[in-house]
Amino acid sequence: MNRKRWIILLCLIYVMQSSWTSMAVTDRDILSDPVANVYKANILGQTITDNLSFSDVPVGHWAKDPITRLGALSIVKGYNENNAMRYRPNGNVSKQEALAFLLRVVGLEAAANQAAENIEVGEGEGLLSIWSKGYLQVAANNGLITQLELADGLIIDQTALDPAFNFIRSQNVSREQVAKWLVQAINIINPGSIEPIYVNNKIFTLSDWQSIDIAFVPYVEAVMQAGIMVGDANRFRPKGSLTRAEMAQVIANIDDILYETLDKTVKGGIVGSISDAGVIGSINNESKRTILIRNDEGLVDQVDLIVTSNELNKISRLDVPVLGPNGVRGLSSLREGQSIVYIVDNTTLEMEYVVIKGDIATTQVKGVLQPLADIDNGNVTIKNASGVPITYKLSVGLYNLEERQIKIGEYYRSIDNAPVSYTITLTVQNNLVTKIDQEGATPLSSEVSGIVKEVNTQFNFITIEKWDGGEVTKYFNRDQVRVEKQNYYDVEDEIGYIDEIFPDYRFDERDTGIEAIEVGDIVHLLMSSNGQYIEAISAKTNYNVKFGEIVSLVSYGAGGVNIRVNYGNGSIGTLNVDGFVPVLRSTRNIGVGNLQVGQMIKILMNQGVLAPGTIVETVKQIDVDPYGNIYARIYKGDLGYMNMATGTLSLLNTYHLTKTGWSGYNPMTDLELSGAGVEIFHNGNQISLSYADRFLRTDTMKAYVVTEKHYDRERIKKIVFEDGRDDVLASTNVSYSNGYDAIRLISTIGDIGINPGTIVLKNNHIVSTGSILSPDYAQVVLAGQGRAVIVNVIPEPNNEAISVFRGRISNIETNREVKVESHAILKDMTWIYSPIQREFTLSYDTIIKDASGIIPLSDFIDYSELSKVDEVYTIIAEGTKATHLIKNPYATEGVVGEIYSINGDNTIRIKDALVYDSTTKLWTELSLTNNYATLELLTESVIIKNNKVIDMKDLELGDRVRAMVTVDLSEQLKLTGNRQATGYILFVE
Amino acid sequence: MRKLIIIGIMMTLFLSQNVYGKEGDMGHMGGISEGSNLPKTIERYVTIPTNKTRTYQYKEVVFLSGVPTEFNGTITINNDDSVTKTKTEGSYKETYTVTATSVDGEGELQRTLAFTTYYKVNDNMDFKNQIITNSVLTNWVEEVTVGDATYTLDRVGSSYSKAGVKDLTPGVAYFSTTISYVAKFLDGDGNPVTLTSNGSNYGYDQPWSKIETQERNIGISKGEGNTGNMQVRVQTVHEAKKTIYYDATEPFAISFGGTYNQRMESESNLTYEVLSYHSNLTNSQKYGRISIKMANQIEKLPIPSNLDFLQGHWAEADFKKLYSMEVFTEVPHSGMQYEAISRGAYIKALCLAMNIDISKYTTRPRKVIFGDVPVTHPYYPYIMAAYDQKLIKGTGENFDVDRPINREEAFVVYVRVIGLERLGVTQSPMTPFVDDATIASWAKKEIMAGYKLGIIKGDELGRVKPKQWISKSEAAAIINRLIDYLRSDIGEDYRK
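Protein chains in written order, with my numbering: chain A, 2 to 990; chain B, 436 to 931.
Please note that a few of the clues may not be correct.
Keeping only pairs whose Cα atoms sit at most 25 Å apart, straight-line, the calculated DSS-like set for lysine-lysine is [to be verified]:
#1 Lys467(A) - Lys721(B)
#2 Lys820(A) - Lys949(A)
#3 Lys825(B) - Lys454(A)
#4 Lys728(B) - Lys454(A)
#5 Lys408(A) - Lys728(B)
#6 Lys728(B) - Lys710(A)
#7 Lys882(A) - Lys721(B)
#8 Lys882(A) - Lys922(A)
#9 Lys900(B) - Lys954(A)
Have a look at the derived ranges for each label pair, beta carbon to beta carbon [unchecked claim]:
#10 Leu710(B) - Gly560(A): 41 to 47 Å
#11 Gln786(A) - Arg916(B): 47 to 53 Å
#12 Tyr681(B) - Tyr568(A): 55 to 61 Å
#13 Tyr423(A) - Asp807(B): 43 to 49 Å
#14 Gly854(A) - Pro474(B): 51 to 57 Å
#15 Tyr778(A) - Asn507(B): 40 to 46 Å
#16 Asn378(A) - Gln732(B): 38 to 44 Å
For the record, the hints were derived by calculation from the structure and aren't laboratory data.
Heads up, the beta-carbon is just placed ideally off N, CA and C, and yes, glycines get one too.
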C-alpha cells in the first residue's frame, strides 16, 4: 500500500469530518428501509461558491433563496466584478433582461440561442453585440412584443429611438409590462392556466390602480389574484421599475411552472442519516458521504457527496449547492435531523439545489383514529376535537403492507387490530407522522423492555436494546433497585416483580441483585414515576443451545477450563467455562474437572449481541452425552461390498484390536455406515467413499475401521486405508508429542509419524491427534514407514488406591461400621500381619458376599443366628471405606500370566504362567514347555482392575493377571498333573 | 349466518394442513416399536392403502421384578386421528395392545390400553395452528409374568392421564404430550406393587424426518425396606428419516448418467438407567440400551435430465437433487443458474419441498387473495396453499409474485417454514451480522432465530446481505440445505 495514498485518503476523510459533528440518528429505520431514489450530485464543488455566493446578496437578504435557487438552475446569472460574484440585486431590470428571464422560465432559452444564430447568419455580424437578439426574436414569435418592437429592439444604436414611442431594449421595464409578459409567457407553455381577468377585484385594493394602463389592467388583476406579483403598501407602482431581486422573487413565485417545463421536482424531507466511506483506488482515491433523506412521502432518497483526488492530488468534488444559515455551501453542511427542501431533475436524476429549513419542528396532534382506508398509500386520518378529519402521511417505518402491520407505540400490530375509534396521538415532524401513540396503551407504570447490551455496576446504568430494536440507557441506584431474575433452570411460573402486587414474604428464588443481570438477558425495567431511575428489574436468561464435540481443552484449575468445540460442519468455537458452571452427565453434576476431550456436549449459553459482528457468549451449563462418541471396536480387514441401500459396509477377513494385537478372525463383518460425518483417510488425506471403492481394493490394502457405540449396535466413525503389514507395539508411555505429525514412545527410538488419518482413542472417545499428550500410556499400531495408524490411549494399570485386608470380625455397627480385632494387609504377594484393631465404614453400596452369593447389608449383623462375629473376611477398602467384604479362603499362593482364553464355564486360561513360591519368595515358571494354567473363578472371587472391582466379563484377552490362590500350582502339577486352581483375588496389572 | 360463514372458512383453511404430528407408535408405556415410516414420495401422486390397525415389532424393559428384564413381541395400534384434519373439535379412539415374551423365554407380558381422545383445534394464530388433546382411559388390562411372579394390574387402583398439544407450523408439526400414570399390580401372593410413571413425549413430524422422544421416570415401590424398590429413568427415541444418495449407472451407453435414491431409515432406541442402588445388579443391568432397526426402504427418484449445462458448477448437485426431489420444476435452460429467482418460484419450491398440499387450489380454484396472483397464474395454487399454511400473509394486495426475492425475504420464509422464529425473542433484535443496519426491522426476528439455530450464517466478512437478490443456484443451495437440516440436524436435541 502506497503510504502517501493513505495520507491523502485520511485527509479527504478529514475534509468531510471537519464539517460534521456527530449527531444521533433520529430516524432509525432509514438505514433499513429501501432507498427509493438515488440522486447524483453533479456540480463541481468550486463552481458553487464561485457562481452562487453573490457577495452583494448577504445571508438574510429577503431574496436570498430565490436568487440562489434560480442561480443554481441557471435562470438568473450574476456578474463577475473584481473576482467576486455579484448579483446587483438592486439594479433595475431592463426590458431585454425581463424577457430573457421569463423565456428561460418557460424553457425557451435554447430556442432563443437558435434564433440568435439564425439572425447572425441572416443579418451579418452587425448584430453580434446585441446579446438579447434571440430572446427578442422568440418574444416576437410568441406575441410578447410586436414585429415593430422587435425591429426597434434589433437596432444597434438605440439612442436614436424615442422612449415614448419606440421599444428600447435596455430601458427599464415597467411593472405592469412584466405582469402582461408573465401571463403571456405562461400561456406559451401552459395555455389557459392563467388568463387575463377582466372583472377586477384585486386591483381596487390598490391606491394607484388608476395609473395602470388600461391595456395592462386584466394582466395585473391576473398576476395579483394568482399571488405572483404583489404590490407594496397598497401600491402597485405600475410604471415603476423592478429590481433584479424583485424579479427573482417574481420568478420564484411561478416556480411550479418553471419546474414543470424543466421536468424538475421540488421535494421536502428530513436528513435521516449521514455516513462516510473511503475507497483507495489504483489511480484515484475517493471519499464518499452518503446522505439519506426521508422525504415527505415517507420514502428514502439518497444523494452522495463524492470527493476524488487523482494521481496529481488534485481534489475534485461532486456536490450540490446548499443554502443554509451560513450562506451557500455544499452537501457537507447538512446535518442529521435537518429539515430540507431540494430540487431534483427527473430526467438526469441529479439533485440541483438544497435549502436548509432548519431543525425539524416536532408537533403532536391528538384525535380519534378513523378506519385505515388509505393505509395502502401510507395515509391515516384522525378526527380532531372539533370533529374535523385530518389526513397525515406515515413514515414508512410505521407500517408494513407486506406484513399488514402498523406500529402503535413501540410495537407492531396487525392493521386489522389498529386502534380505530380510539384516541391516538401522532407525533408529526415535517408533516410526516413519525410515531403513533395510543392513549391507555401506554402502561400506567412506565416499563421498558428489551435485551441487555451493557450493565455497568460502577456507574450504575444499564443499556438495553428495546423490543423493536431501539437502544436506551437507564440508571439505577445500586442499593435500592430490586432485581428478580428467572434463571434458565428455574421453571417456576411466577415471574418478575409480581411481589409488587401481591406482597409475599416466602422464599423466592428469583430475588437477586443487580450483579445477576448479564448481557443478553431479557429484562423489563420498571421506571420510577418521574421516569428517571429504575425501580425494579425483572429478568430472564435468554439462552441459546449448541451441540458439539470437545476437540481440545486447557484447564485453569479452579478457574475453569477453556474448550474448543467442533459444532459440526467443521465450524469450531472457543469457549471459557467457569469453574462453577454445572456439567451434567445423566442428571448428575460431575463438575467442570470431568470435561474431557472427545465428549459430545450440549452447551447452554447466554448470548448477547453487543454490536453487529460482536457477540458475547457465557456458558451457563454443559450436558455431557454419556453415550456420545464412545468407541466400540477397531477392525482391520479388506474392503468388501458397500450397500448403499442398507447403509452398511462389509469388511472381509476381519480382525479386531485387543491388548495383545489383532484377534477374532471373521470372514465377513457387516458394519453400519449410517452415522453422520464418517471420515475416510488414505495416506493422511481425506478421501471419499467412492474413491476408496474404486481405487483402494488392492491385494495389500487394509482398511482400519473404528466404530462407535450406538445403542446396542455399533457404527462406523472413521476408516483409514493403509498399505502393507502393520505392527502392534506393546503399550507404553508417550514421551513426546507435537500433536500433529510426530510422537515418540519410551520404548522405541525415533519419531513415529501421525497424521489427520491416525485413529486416536482416549478416555474411550475417538479424538484427534492433538489430544495425544506425554506421558499418556498408549498402544500404538504402526503401518509401514514408522507411521502410526492407531494410537490407543488407555489408563495405565494401577491398583494403588485399593488395599486388600483380611481380618476377623469383632464388632458390627449395622449399616455403619465393621471392626476387625486384628488384620493382615496384602503387599504384593505377602500378607503382613498386624495385631492392631481396625475399623472400616460400611455404606449402602458395600458389597458383602460369600460362596452362596450376596448377603444383604441388613443381614450383616453381630447378633442372632446371622451373627458374623469371629468370621474372617477379605476386605477391599478405599481408605477406610470397605467397598467389598468377601468371605473366601486365605489365599497365600500366587500365579501370574496373560489371559489368552476366557471361557463360558467361569474359567480363564493364562499363558507364560509364573508361580510364586511363598517360602523362597521367588517367581518360577510353571513349566518349561507348554506353559499355561487354568483359573476358576467362583462367586466369592474378586477381580481388581484400575482401582475398581470388576466383573469377570470385563476381563479382556491380553490382560496380565496376578491371582491369589490357595494351592501351590507347581507342586500340584508335579503331583497330579492338574494345572487348575481357584483364583480368589485377582489383580489385573 | 355470519358466524356460520366464519366457521366454514376456518374449516377450509384447516383442511390443507399436510403435517399433523402423529404420535403414539411406541405405545406410551416406555417401550419401543419399529414405528411407522415416513410417507413415500410416490404417495404424492398415488394413494398407497394403509391399514388403520398397524402391528409392529415391540421391545420393552420391565422393572417390576427388581431386575430389568427385556421383553420382545408385538404392539398393535389403532389410533386414527385423521378426523382432526376435517373437524375443529371432536374425539377419536386409541387402542394399544402389547404381547411380548422375555428374552429368556420365561416371562410374558399382555397389555391392552384404550383411550378416547378429545381434541380442539385452535387456528387463529399467526403462522401456525394448534391442537390440544386430552385422553380419557377407557380400558386397561395388564398381566406380566417375570421370574417366578405374575403381576396383575388392579384396574381400580390404577389411573392414567395423557394430555397433549400439537403445534402445526407451516412445514413442521411439533408436539408434546405429558403422560403420568400410577399402576397398581398384585403379585401372585397378593402383595401390592405400585408403579408410578411420569414423563412426556415430544417430537416433530415433517416430510423429511420425524422423531418421537419419550422420557419417563419410573418408580416402583413394594413396601418399606424391600430391595425391589427402584427408581429408573427410561428414554426412548423413534426416528424416521429420508437420506439421499447417488446411484451411478454403470453402462456408458444409457440415457441417463445416474439417479438419486432415497433411503427411508427408521430406528427406535431405548436407554434406561437404574438410579437407585441395587447390589444384585451388575453394571450392564443398571444401564441398558436396546434398539430396533428395520431394513431401510428405498425409493427411486426421477432422473434429473437436461441439466448437462450445470456440469462442474458449484450448485450442480443441489440443482440435480432438487430436480430429482421435484422441488425445482422449471424447465431447465442454460444460464438459469445465474438468473434471480422470483418470489413466486421460491414459494413454489418451498411448498414442494415441504410437501404442502395444493390440491384444493388445483381442483376448484376460487379464492383470490393477491391481486397479481389470479387463478390463471401458474403459481396460484402454491401461493394460495402457502397462504393457507400461513407461510405468507396478505389480503387484497399484490404479492409481487414475479419480483426477484431478496435474501432477507427468503430467510424469513425459510425460518417460518420450520416454525422456530420464536428463538429470535424480540420483535426486532440486533443480529450479530455486520450489516445488521440494512436488515429490515420485520425480518430481524427470523434472521436472529436462524442464526441461533445455525442455519443462517454470514459470509466470510460476517454479512448477511439482506437486500441482495438470490440466484437460482443460491436458491438451490439454500433449499437443499433446508432439506438437509430437516433430514437430520433438527433432531439433535430430541435424540439425546
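Practice item. Check the following: the C-beta atoms of Tyr681(B) and Tyr568(A) are separated by a distance inside 55 to 61 Å. Key: 27 Å, violated
Fill in: Pair hint Lys820(A) and Lys949(A), alpha-carbon separation not exceeding 25 Å
23 Å, holds
Tyr778(A) versus Asn507(B) beta-carbon gap, inside 40 to 46 Å or not
Given about 42 Å between the Cβ atoms, the range holds.
Hey, Lys408(A) versus Lys728(B), does the alpha-carbon distance stay inside 25 Å? 53 Å, violated
Hint check: Lys882(A) vs Lys721(B), CA-CA at most 25 Å. Holds or violated? 23 Å, holds
With 43 to 49 Å as the target window, see if Tyr423(A) and Asp807(B) comply at their CB atoms. For Asp807(B) against Tyr423(A), whose Cβ atoms are near 34 Å apart, the range 43 to 49 Å is violated.
Does the Cβ distance between Asn378(A) and Gln732(B) fall inside 38 to 44 Å? Since the Cβ atoms of Asn378(A) and Gln732(B) sit about 56 Å apart, the hinted range of 38 to 44 Å is violated.
*Lys825(B) and Lys454(A): Cα distance at most 25 Å?*
Not satisfied, since the Cα-Cα distance of roughly 33 Å exceeds 25 Å.
(Q) Hint check: Lys900(B) vs Lys954(A), CA-CA at most 25 Å. Holds or violated? (A) 60 Å, violated
**Prompt:** Given the proposed pairing of Lys467(A) with Lys721(B), does the C-alpha separation stay at or below 25 Å?
**Reply:** Judged against 25 Å, a Cα distance of about 51 Å means the pair is violated.
For a C-alpha distance cap of 25 Å, please report whether Lys882(A) and Lys922(A) respect it. 31 Å, violated
Evaluate the given range 47 to 53 Å for the C-beta pair formed by Gln786(A) and Arg916(B).
Since the Cβ atoms of Gln786(A) and Arg916(B) sit about 41 Å apart, the hinted range of 47 to 53 Å is violated.
In summary, the structure is inconsistent with hints 1, 3, 4, 5, 8, 9, 10, 11, 12, 13, 16 from the numbered list given earlier, while agreeing with the others.
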